[in-house]
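Each protein sequence line maps, in turn, to chains F and A.
Heads up, the first sequence is in the numbering used here, so the first residue is 1 and it goes up one at a time.
Heads up, the second sequence is in the numbering used here, so the first residue is 549 and it goes up one at a time.
Hints were generated in silico from the structure; no laboratory data involved.
Check the hints yourself; a few may be wrong.
Partner residues are not named here, just some residues of chain F that face chain A (Cβ under 7 Å, in silico) [what the hints assert, rightly or not]:
(1) Y33
(2) E83
(3) T391
(4) P440
List time: in silico BS3-like cross-link candidates among lysine-lysine, alpha-carbon distance up to 30 Å [claimed, not checked]:
(5) K737/A x K461/F
(6) K134/F x K473/F
(7) K219/F x K737/A
(8) K565/A x K23/F
(9) K461/F x K698/A
(10) K288/F x K737/A
(11) K35/F x K283/F
(12) K473/F x K737/A
(13) K164/F x K23/F
(14) K219/F x K698/A
(15) K565/A x K461/F
(16) K737/A x K164/F
Beta carbons are placed, not taken as given, at the ideal position from N, Cα and C, and that holds for glycine.
Now for the letters of each chain:
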Amino acid sequence: MTQDAPRNDRPRAVNGHAPDVFKREGQVPMREYPKNAPVDFVIVGAGCGGSVLAAKLAEAGMSVVLFDAGPFFQPRRDFASDEREQEKLYWLDPRISDGDDPIELGANNSGRAVGGSSVHFQMVSLRFRPEWFKARSKLGYGRDWPVDWREMWRYYDEVEEALKISGPIRYPWGPDRGRYPYREHEVNEAGLVLARGAEALGVDWAPTPLCTVSAPSGKSPPCAYRGMCKIGCSINAKQSMPITYVPRAIKAGAEVRDLAMVGRIETGADGRATGVSYYRDGKWRFQKAENVVAAGYSIETPRLLLNSSTAQHPQGLGNADGLVGRNLMVHANDAVWGEFDEEIRWYKGPPSMATCEHWNYADDDPSKNFDGGYSFMSQGPLPGDFAGTLTSSTGMFGDDLLEAMGRYNRMAGLKMVGESMPQVDNRVTLADETDELGLPRAKVTHSFCDNDRRLQGHGRKFMSRMMRAAGGKNLFETQSTAHLMGGCPMGDDPETSVTDDMGRVWNVDNLWICDGSLMPTGGGVNPAMTILANAARIADRIIDARFD
Amino acid sequence: MSQPFRTPYPGYDVLDKWDSPSFDDQTREVLRARRDPPPRRFLDPNQFALLEALCAVVIPQRRPEPVPIAPFIDAALHAGRGTGTRFATMPPERDAWLRGLEAIDAEARAAFDGRGFCELVRPKQARLLRSIDRGDCRAPEAWQEMPPQKFFRALLLKQIVQIYYSAPAAMSEIGYGGPASPRGYVRLKVGQIDPWEAPFGTWEDQA
Ligand SMILES: Cc1cc2nc3c(=O)[nH]c(=O)nc-3n(C[C@H](O)[C@H](O)[C@H](O)COP(=O)(O)OP(=O)(O)OC[C@H]3O[C@@H](n4cnc5c(N)ncnc54)[C@H](O)[C@@H]3O)c2cc1C
Ligand code: SF4
Chain F
1 MTQDAPRNDR
11 PRAVNGHAPD
21 VFKREGQVPM
31 REYPKNAPVD
41 FVIVGAGCGG
51 SVLAAKLAEA
61 GMSVVLFDAG
71 PFFQPRRDFA
81 SDEREQEKLY
91 WLDPRISDGD
101 DPIELGANNS
111 GRAVGGSSVH
121 FQMVSLRFRP
131 EWFKARSKLG
141 YGRDWPVDWR
151 EMWRYYDEVE
161 EALKISGPIR
171 YPWGPDRGRY
181 PYREHEVNEA
191 GLVLARGAEA
201 LGVDWAPTPL
211 CTVSAPSGKS
221 PPCAYRGMCK
231 IGCSINAKQS
241 MPITYVPRAI
251 KAGAEVRDLA
261 MVGRIETGAD
271 GRATGVSYYR
281 DGKWRFQKAE
291 NVVAAGYSIE
301 TPRLLLNSST
311 AQHPQGLGNA
321 DGLVGRNLMV
331 HANDAVWGEF
341 DEEIRWYKGP
351 PSMATCEHWN
361 YADDDPSKNF
371 DGGYSFMSQG
381 PLPGDFAGTL
391 TSSTGMFGDD
401 LLEAMGRYNR
411 MAGLKMVGES
421 MPQVDNRVTL
431 ADETDELGLP
441 RAKVTHSFCD
451 NDRRLQGHGR
461 KFMSRMMRAA
471 GGKNLFETQS
481 TAHLMGGCPM
491 GDDPETSVTD
501 DMGRVWNVDN
511 LWICDGSLMP
521 TGGGVNPAMT
531 ILANAARIAD
541 RIIDARFD
Chain A
549 MSQPFRTPYP
559 GYDVLDKWDS
569 PSFDDQTREV
579 LRARRDPPPR
589 RFLDPNQFAL
599 LEALCAVVIP
609 QRRPEPVPIA
619 PFIDAALHAG
629 RGTGTRFATM
639 PPERDAWLRG
649 LEAIDAEARA
659 AFDGRGFCEL
669 VRPKQARLLR
679 SIDRGDCRAP
689 EAWQEMPPQK
699 FFRALLLKQI
709 VQIYYSAPAA
719 MSEIGYGGPA
729 SPRGYVRLKV
739 GQIDPWEAPF
749 GTWEDQA
């Protein structure tokens with residue numbers, strides 16, 4: 001709640017130009033489309049899903065307008081090294097959080113900018129374990145994806161190459177794969193704590209494959225290890241959407257409309273999408289389109305579909321069976337923190353430079369008392385972020401707090417990314433209250449199930465053992481969540497899913513979804529690479545089918 | 549009772565790097581603008597005084613020029629800027645703050661013979677906050693259904709500490725490297741520090 005300066009609220013992608021993200025000032029040319037002639041594709045949301053789709057469709061010659069509710073930032077001018085100022089990257093409009101285990105949104109969960117959450121994500125770039133794409137048939141829990149893992153594997157290759165993921169030569173888990181495009185980063189001391197602990201407990205570890213370059217690439221300099229990835233990379237080492245796929249989209253002829261909040265997907269008498277109504281620069285406007293794609297993340301995508309109801313779609317688009325917004329998933333983000341005799345200085349380098357995926361693959365371990373899996377990473381939170389974690393989990397204040405924060409440089413932490421189960425009652429619905437534009441706000445209802453709790457307990461226990469084995473003292477645990485996924489799962493069966501295997505909404509043949517909300521299960525790794533790979537796959541399927 | 553905190557990094561000041569490649573123009577601009585705290589516009593003078601007293605208990609500052617915290621909370625409330633989350637058990641943020649401040653004062657009056665929070669000495673203020681955090685309330689009706697611990701931890705504490713620990717003075721106190729763009733860091737391993745970081749610290753448990 002605390003930025004001090006009002007944010008710059010004028011659109012910047014206007015008059016045939018978009019900001020040049022590689023410069024402090026300056027612009028690049030951008031095509032513009034008329035509003036009353038239909039473009040081939042309108043894409044709502046320029047995050048991981050929307051940006052990849054926009055670039056690939058535009059490169060295949062289609063006319064594309066990419067909308068985002070947030071600003072088009074120029075990192076070298078707009079990204080201060082200041083936690084409070086940079087809160088402008090998050091979706092801070094209130095959403096109502098309900099359920100037995102209500103989740104924290106805002107900074108914890110969603111971005112609002114051209115680039116979406118990729119602008120402030122922590123760059124951990126992992127692949128799903130192959131079996132997870134058939135979790136129900138192969139592992140006996142969750143749901144199956146309507147996709148073969150080998151196909152996804154090819155798309156992981158494609159997006160890892162596009163983002164120049166820097167990773168180790170040999171990754172210890174999963175099937176063989178090619179080398180990462182860029183060499184691994186030097187692991188910081190916070191990561192070496194994990195490494196020491198893993199070696200002591202006899203499990204594998206790896207330098208984290210990261211979405212920031214370890215050597216120059218195009219106009220990006222190598223990562224400077226300044227550790228402020230979560231508040232935006234001011235030097236463009238991070239390969240976020242606005243410096244990778246969005247410029248590609250613009251170059252190929254797509255138009256980006258920033259600070260343009262889409263309020264409704266409009267449908268015609270035949271029930272098909274006709275375009276979108278959006279609010280930009282003080283007015284509601286309409287853009288006509290042959291196809292509409294919702295790519296607004298797991299809360300805003302369901303909210304938009306629900307907010308677009310008509311007489312013909314009384315419960316919202318794609319929601320005849322009441323499935324839109326259901327099966328929303330989070331990752332359990334429990335952590336263990338400890339103190340060391342030496343100075344770790346965990347602020348140096350990206351926040352998570354070492355990782356352990358042991359529990360994503362150890363099916364036969366007798367201590368495994370849960371379905372699903374989890375990975376965990378070393379940590380390096382900025383001071384304000386860590387102080388918030390400390391106080392909200394312990395209630396500590398006064399000299400005790402100053403004292404605890406005084407050991408900031410001697411702390412290390414391990415934090416899990418734990419799979420939670422898709423449950424129909426975890427869902428996004430519309431609240432009674434409306435936002436400034438008069439649109440009903442989203443309400444998010446979330447409760448963990450017993451399996452989720454067993455997994456979290458196992459994770460905390462294992463991470464504590466590892467922390468102690470690495471020399472950590474005075475441990476304490478915190479609980480949190482990260483990464484929303486699901487809400488509009490894809491599937492083979494219209495009765496149990498919202499879209500088909502290419503993200504097309506059942507029964508509205510020119511309405512698509514392309515973002516994390518398509519995920520039927522969440523897996524035990526950070527989701528961005530899977531969302532990107534899936535978007536790249538959907539793009540190719542659309543291009544092959546020649547919808548335009 | 550805890551001892552007054554002493555920084556392990558006496559003499560270190562991240563602002564000494566102001567003219568170096570650790571600071572870029574946009575960061576300098578933000579920090580410069582923050583030197584003049586915004587005027588009080590949302591809370592009334594009594595509420596504001598109460599908030600200032602709370603900030604002082606949460607973050608005891610024994611420095612000649614304390615980092616201002618309350619004005620920034622007031623400014624955000626005035627502007628209606630939120631955190632993005634409204635727990636279903638909580639009212640909207642502005643109402644939560646108004647209700648929470650009033651309830652804390654009511655708790656003080658109930659526990660200490662009608663004296664308001666600002667009239668209490670520091671140790672009593674701290675004791676009161678600890679009991680609110682435990683949910684031991686003497687004036688439960690003043691909270692009007694708002695869960696006291698949730699207000700205390702998720703709004704009050706969190707916002708105060710997040711403002712404090714993004715201030716250069718607080719960064720210096722904990723030996724954080726500070727703004728680091730474009731220069732960043734080079735030496736990432738234990739026992740290694742870059743010349744533009746804080747020198748190694750000293751702690752009482754290691755003396
Ligand atoms: C702090 C943090 C750290 C993370 N770290 C990692 C990590 O290390 N590794 C990893 O794999 N994942 C990470 N993630 C998760 C990852 O960033 C997301 O899973 C991913 O970005 C989701 O992609 P998306 O396309 O679904 O949505 P987003 O990338 O969030 O994009 C959605 C976009 O849609 C826009 N939008 C929404 N509704 C509308 C509307 N109605 N009109 C116009 N625009 C709209 C939003 O403004 C936003 O820009 C992290 C997330 C956070 C918050
Ligand atoms: S650590 Fe690297 S990726 Fe992260 S903000 Fe700094 S330069 Fe950018």
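Hint by hint, here is what the structure shows:
Taking 7 Å as the C-beta contact cut-off toward chain A, the hint placing Y33/F at the interface is violated, the least distance being around 32 Å. Because the smallest distance between the Cβ of E83/F and any Cβ of chain A comes to about 4 Å, under 7 Å, the interface hint for this residue holds. The restraint placing T391/F at the interface with chain A holds, with a minimum CB-CB distance near 4 Å, inside the 7 Å limit. Proximity of P440/F to chain A is violated relative to the hint, the smallest CB-CB distance being about 14 Å (cut-off 7 Å).
This hinted pair checks out: K737/A and K461/F have alpha carbons roughly 27 Å apart, not beyond 30 Å. Between K134/F and K473/F the CA atoms are separated by roughly 41 Å; this puts the pair beyond 30 Å, and the hint is violated. For the suggested pair K219/F and K737/A, the alpha carbons sit about 28 Å apart, so the restraint of at most 30 Å is met. Proximity of K565/A to K23/F is assessed by CA-CA distance (about 24 Å); at most 30 Å being required, the pair is judged to hold.
For the hint linking K461/F to K698/A, the alpha-carbon distance of about 26 Å falls within 30 Å, and the restraint holds. Taking the CA atoms of K288/F and K737/A, the gap is about 56 Å. The hint is violated against a cut of 30 Å. Of the pairs offered as hints, the one joining K35/F and K283/F holds, with about 14 Å between alpha carbons and a cut-off of 30 Å not exceeded. Between K473/F and K737/A the alpha-carbon distance is near 19 Å, which keeps this suggested pair within the 30 Å criterion.
Between the alpha carbons of K164/F and K23/F the distance comes to roughly 21 Å, so the proposed pair stays at or under 30 Å and holds. For the given pair, K219/F sits about 46 Å from K698/A by alpha-carbon distance, which is inconsistent with the 30 Å threshold. Straight-line distance between C-alpha atoms of K565/A and K461/F comes to about 42 Å, which puts the hinted pair past the 30 Å bound. Note on K737/A and K164/F: the hinted pairing holds, with a Cα-Cα distance of about 25 Å set against a maximum of 30 Å.
The structure shown violates the earlier hints numbered 1, 4, 6, 10, 14, 15.
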